[in-house]
Amino acid sequence: MAETEPGLPQRSTAAGFGRVLVVVYAIFAVAATARSVLQIATRFDEAPLAYALSAVAAVVYVVATVALARGDRTSRRVAVVAISVELVGVLTVGALSLLDLTAFPAASVWSGFGSGYGFVPLVLPFVGLWWLWRTRPGER
Amino acid sequence: MTGPYATAVIVVSLLLCVGALVLLVADKSPSTGAWILLGVLELMIVVFAVGGVVQLVGADHDVPAWEFVGYLAGLVAIVPAAAWWVRDERSRAAAAVLVVVLLVVPFLVLRVQQVWAGTGG
Chain C
11 MAETEPGLPQ RSTAAGFGRV LVVVYAIFAV AATARSVLQI ATRFDEAPLA
61 YALSAVAAVV YVVATVALAR GDRTSRRVAV VAISVELVGV LTVGALSLLD
111 LTAFPAASVW SGFGSGYGFV PLVLPFVGLW WLWRTRPGER
Chain X
27 MTGPYATAVI VVSLLLCVGA LVLLVADKSP STGAWILLGV LELMIVVFAV
77 GGVVQLVGAD HDVPAWEFVG YLAGLVAIVP AAAWWVRDER SRAAAAVLVV
127 VLLVVPFLVL RVQQVWAGTG G
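Note that the protein sequences, when read in sequence, are chains C and X.
FYI, in the working numbering the residues of the first sequence are 11 to 150.
FYI, in the working numbering the residues of the second sequence are 27 to 147.
Hint data in this document are derived by calculation from the structure and do not stem from the laboratory.
Certain hints may be false.
[Unchecked claim] So the derived label-pair ranges between C-beta atoms look like this:
#1 X/V83 - C/R53: 21 to 31 Å
#2 X/P90 - C/A105: 28 to 38 Å
#3 C/L106 - X/G29: 35 to 45 Å
#4 C/R53 - X/S117: 37 to 47 Å
#5 C/R83 - X/R116: 38 to 48 Å
#6 X/V51 - C/W140: 14 to 24 Å
#7 C/R144 - X/Q140: 34 to 44 Å
#8 C/R144 - X/Y31: 23 to 33 Å
#9 X/R116 - C/V91: 29 to 39 Å
[Claimed, not checked] Examples of chain X residues toward chain C, derived with CB under 8 Å:
#10 V89
#11 A91
#12 W92
#13 E93
#14 A108
#15 S117
#16 A119
#17 A122
Even glycine gets a Cβ: it sits at the ideal position worked out from N, Cα and C.
Same shape as in the complex, but just chain X (with noise of 0.2 Å):
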């Protein structure tokens, strides 16, 4: 849970983050390529949560299960939620969207992975 994929679902979300930050200051909606991008890391939030249910099922240690699947749950359904939410949005409200969202994930991130270590609350 806590090797080099999860920390390139972070990166890769981050690095979206900035971009949508681009966007919202230069004042545009994003772009077709953008929810490529955003397909992009939903697919990789997707493997991550498959991976980490694997790895719940195989624990060797105590995993709160519901909390950690929880958490998952939430990590895959934020960006299509979102990407739902603006669908019709042109301005650059949109690109504020996926800003916050984008922030969320690497968040959501570093939770899945307190919760499998058993460390905060």
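Chain C extracted, bound-state conformation (with noise of 0.2 Å):
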């Protein structure tokens, strides 16, 4: 089976439509991590639960970022469980905080499904999907 040379710029997760998806990924990496340690480190015994998941997303996001934007064999895989967690994350997330608005206190990016950002963190794994199966190596 005839595999691309890896480092073909049109086959990286980073080039073309990929450095707009790196680039809404940074802004939630950032987003989320920052309003993590900052819930973490003010009011943690408010919200435990809230508020680890919030650092998991954060990481998540982290990972997945930096994983499409480096796109080599190893980093594809990377990315490919992180937004798989990320998909699994919002939307486990989002049905808890429908069902159960004391536990998740509107404070996480994936409480009801993202609303407060748009439905942004809803879509964005669905797209990191398609690219990277759009991308993946060894298509024609």
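With the hints in hand, could you dock these two chains into one complex?
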């Protein structure tokens, strides 16, 4: 099976549309990390579960950003895992936050399926996985 | 923090965003002139951030300082970071990145104002 050489610009997850995707991921990485650090440092006892989840979300966004920006073979696998976790996370937290508003105050990026962020957190993992599939090596 | 200067930053950013959108549709990458205009915006942002910190020091009401400074720092960093990220990009993707970033700048200015006023989460 003929693999395309790595490093071909149009195959990289960071080129073309990937440039934009990485920026959106980076913005969420920075925002989620900053917010999470602030929450844990200043008021962790208020809602430990929600704030711990915030931290998880932040890590997922950071890993996905770096993996998409690097775009080599290993990074691609890392990106698939990170974005899959992101997808499961936003769906689970979104569903749970609808069921029980007290356990998840509107504090996590994933609460209400990311409604506080224009539902971008809900759409982003689908776009990310689609992009990884589009740029997969070995495609004609 | 809510004066005409903040509004000016938002307006300039949105105007440049429209410009970037035109580049995106026309399938062009930003010209030297576009980068100079972005430099002007960045200068305005730096002045806004410095003014913000000065006002924070002399604030007559409680402002969550870390959150406030954090948003200002993000605001200062975002345009240069985006410029660095698309430095070698010769396709319209560079313009697309600018569209996103130039939408985030007004959003951040509004968040800075909310944090200053103590409204919003």
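Hints and how they fare:
1. X/V83 - C/R53: 21 to 31 Å: 24 Å, holds
2. X/P90 - C/A105: 28 to 38 Å: Once the Cβ atoms are compared, 31 Å apart, the range 28 to 38 Å for C/A105 and X/P90 holds.
3. C/L106 - X/G29: 35 to 45 Å: Once the Cβ atoms are compared, 42 Å apart, the range 35 to 45 Å for X/G29 and C/L106 holds.
4. C/R53 - X/S117: 37 to 47 Å: 44 Å, holds
5. C/R83 - X/R116: 38 to 48 Å: 25 Å, violated
6. X/V51 - C/W140: 14 to 24 Å: 23 Å, holds
7. C/R144 - X/Q140: 34 to 44 Å: 37 Å, holds
8. C/R144 - X/Y31: 23 to 33 Å: 43 Å, violated
9. X/R116 - C/V91: 29 to 39 Å: 32 Å, holds
10. V89: Interface hint status for X/V89: violated (14 Å vs cutoff 8 Å).
11. A91: With a minimum Cβ separation of about 11 Å from chain C (threshold 8 Å), the hint on X/A91 is violated.
12. W92: 6 Å, holds
13. E93: This hint holds: X/E93 lies near chain C, its Cβ roughly 6 Å from the closest one there, short of 8 Å.
14. A108: Cβ of X/A108 sits 7 Å from chain C, so the hint holds.
15. S117: 6 Å, holds
16. A119: Interface hint status for X/A119: holds (4 Å vs cutoff 8 Å).
17. A122: 5 Å, holds
In summary, the structure is inconsistent with hints 5, 8, 10 and 11 from the numbered list given earlier, while agreeing with the others.
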